[in-house]
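Chains as they are written, first to last, in the numbering used here: chain P, 295 to 710; chain H, 72 to 501.
Don't read these hints as lab results, they were simulated from the structure. Honestly, I wouldn't trust all of these hints.
List time: in silico DSS-like cross-link candidates among lysine-lysine, alpha-carbon distance up to 27 Å [unchecked claim]:
id	chain 1	residue 1	chain 2	residue 2
1	P	Lys670	H	Lys356
2	P	Lys459	P	Lys387
3	H	Lys356	P	Lys561
Quick caveat: nothing in here was measured; it's all calculated off a predicted structure.
The lines below spell out each chain.
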Amino acid sequence: MDLSIAWRNLWRNPRRTVIIMIAVIIGIWSMIFLTAFMRGIVVDMIENGIAELTGDVKIYARDYKNDPALENRIENPGPLISRVRDHLPAGAKLAARVRVNAIAQNARHAAGVTLAGIDPEMEAGVSFIGDGVSSGKMLSPAVLEAGASEASGNGILVGRALLEKFETEIGNKLILMTENTGNEIVSRAFRIRGVYQAKLESTEKRFVFITRGAAREMLGIGEGVSEISIMLENHEQAGTVAKELAAAIDPEGIAITPWQELLPMLKAYIGIFDGFILLWYLVVFVAMAFGIINTTLMAVFERMREFGLLKALGMRPWRILRSVLIESGFILVIGAVLGNALALSLVYTIGRFGLDLTAFATGFAYAGMSAVIYPKVFLGDVIFANTVVIFLGLLVSAYPAARAARILPVEAMRHT
Amino acid sequence: MATSQMIPRDMIPMDMKMAWRNVWRNPRRTWLTISAIAFACTILIFMLSFQFGSYGTMINASVQINTGHLQIQAKDYFEDRAMRRVVPDPHRVIKTVGGIESVAAVTARAKAFSLISSGNRTYGAMVIGIDPENEARVSTLDSLVREGEFLAGTAAGENRSGENRALIGRLMAENLQAGLGDELVLLGQGRDGSVAATILKVGGIYESGMDEFDRRTLHMPLDTFQEVYSMRGAVHEIVVRVSSLDRVAGVKTAAAEKLEHIPGGGDLAVLDWDQLMPGLTQAIKIDLTIGIIFWFLLVLVVAFSILNTFLMAVLERTREFGVMMAIGTGPGRLVKLMLYESGAMTAVGIALGIFTGCIFTAIFQVYGIDFSGASEILSQYGISGRIHPRLSLVTAFAGPLLVFGVTFAVSLYPALKIKKLKPVEAMAHV
C-alpha cells in the first residue's frame, strides 16, 4: 500500500516530477553513453595493439624482451608448440614467427622496418596479416612446388604506406639488410608480392613479411623462431591463460606473457581511463544531487501539514521517512530505466555503422586509434552507473525525508 | 502596453530590489541552486584549465625536443625525406631568418637514415647532424643528456682528441648494448648516393621520455655529418625558435617573404609546428571536442536540476502574481521580475563558481598534479610527470558563460508561464 500511495503522491505535481526525472535521465544517459564511447576507443586501442603482432599471450625466449635480438630465440619450437596447443582453451589460435629489425632499401629510399618471417596459413585469425593482402598476392604456404618455390621464396609483403613512401609498386625489388646469427650483415633482394592495409599507418610502415623459410635461409637460424603468438577468443582471459600455460609447461628458458605486460602503455592508459570514469560519474551525480535534494525538499515542505496530521493520527516517523524515500526511489528508478534505454538504443544504432571521425584521422593515428569508433557497453559500467545514481540518490533524499519524519504534529498542523 | 509606459524610469531599480528580496524568501532553496551553479562553474574552469595546461605542455615539449616552432626545408622534403632535397646554402638562410623580430634562435640540422652497429648489435636509426652551440639555444637536447656530456662546440674546426663523438638515446643505448666511450659504426648513403661510413664514440646518452626519439635517433656534429654524407655544405632543415607560441604565425609570414628575395629561396618552404606535427594538433582537437561534449552534458544536467527551483518560484506564487496583476502590474513586468530573480541566482552562483574555480585551479597550477603512476603513457605524448593546469581568461570564463547561457534558456520557460496567467483564476489558486 505504501508503494501505491507513494506513486500517487509522485503524480500530484507531474511537471515537477517529470523535470527532475529528465535530469536523472540525462545524467544516466550521459554516464552510460559517454562511457561506452570511451570504452569503444580503448577496446579499439587494445585490439590494434594486440593485432600488431602482439597477440593476447606471447611466448618467447626469456631474454628476448630486454634484448630483442636473434640470439635470444626459441631453438626448437616444434615440441613446445604442440604442448601449448594441448593446453589452450577452445577457439584459441597460435602462430610462430621470426622477427628481426632490418633496413629496407631500394634505389631511392631506406627505412628501418621490422622483418617478420611467418607461416601464412598459421597467421589467419592471429594477426592482421592473416586477413590477407589488399592487392597483389599473399605469400604462398611453405609447401615448395618445383618452379613455384623461387617465386614464393623471395616474395615480400609490405604495407601500403611503405609502398607509397618508397615510390615503388608490386613486382619491384626491395632489398632487406639485417644481421644474421653470426653478427654478420646480410642483405638479400626480395620482390614485392603483395600489399596489405592495416588500421594504422605506423603499422603499414613498420612491418614487412616474408615466409619463414626465406627468413630461415637468410638468417641462418635453423628451425628457431623469435616468438609464438596466441590469440584468444576473449582478451580478458589472457592473464589466466598465461598462468595456466606457465604451470602446465615447464617454462625453462622461456617467458609466457599476457598482453597487459607486453603493452604496459595501454595498461596505464586503461588505468587513467578508469579513474576518469569514476570522476565523471561523481561529478554528474553531484550535479544531479542538487536537483534531487531541492525537489524532494519542496515536495516535503508543501506537505508538512499532511505529515503532521498523519503523525497525529499515530503514524510512526520511520514510515514517513520510508514513504518519502520510496517517492524519490520511484523517480530515480524510472529515470534510470529510461536513461539506460535511451543510451543503449543509441549505442546500438551507432554500433551498427560506427561513428566515423575520419576528419580527425591523423590525430587518431597519433594516439594509436582508428578513426571509426564503435561504442562498447560493458555490463560492469552500466551496473556501476545505476548503483551510483540510485544508491547515492536515496542517500541524499534521506535529508528531506528525515525532516518530514521529525516534524511535531502540533507545529505541522499550524503550518500553512 | 499602457502599464509599462506608466512606470517611471526610477522604478526599475525597485524591480531589482524586489527580485533580490524574493530570491531570499527561501534561503535554503536558493543556496542549493546557487551551489549547483557554482559547482558546475568550478568543475568547468578546472577541467578546461587542465586540458589547456596539458596541451601547452605537450606542444612545448614536442616543439622543444623535436621540430622547433618553424622549419625551413627544401620544398617536398617534408613529404619525401630524400637525402637530395637540401637547403643548399644554410648560412644565408640563417642570416636572413635570424634578423626577423621575435626570432629567438636559429640552427641547422641534416638528417640521414643509417645503420648503426656496436660490437654485437645493429639497428637502423635517424642520424642527425647538429650545430652544438646553436642547437642548445633552439632545443632542450643539451639538458636531456643524462650521462656523459653534450657535444662540444666545434666552432674553431678543432676536434678535441681527434675523434668524433655522438649522442644517442637511452633506449638505443640499451638495444645496442653500448655505453659511454663505446665505438659505433655508421653505415648509410651520402647525398650523392655514395656509401657513407664512419666511426663515432658515444659521448653522451639522452632521455627525452619520448620512446620513439630515445630509440631511433643519434646526434652528431653537423660538420662531421656533412663530411661523411658528402653534403657539400648543405643541410636539410633550418630550425627556428620563436620567442612565444603566439608570435609563430607572424614570423612565418615574414620569413616566407624574405626568402623570396634570396637566390634559390623559391625552392624553400617554411613550415610551422602545426604542419610539422599534424597529428598533434588533431589529437588536441579530438580531446577538446570530446571534452566539450562532456561539459555540455554536465551543464544540461545542472540546468534540469535547477529548473524545478525556478519553476516552483512561479507556481507557488500564482496567487501573489494574480493579486499583482489585479492591481495593475503588467505581465511583461512580472516576466522581467522573474528573469531578474533567476538571473540574480545565476549571477551569484557564477561569481562564486568563478571565485572557487580560480582559487582551486591556481593552487594546482602552482603545485602541479602528479601523474607519475601514469607517466609511461604521458611520456608518449611528451608530458613528463606533473601537469600544471593553466588558468587563462578563456578557461576562466568559457565554462561559466556556457552555464549562464543554458541557465538563462532554462529560466525562460517558467518566466513565460506568467504571461498565461489570468488574474481572477490566479487569485483563486491556493
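Hint check against the structure, violated hint numbers in rising order | 2
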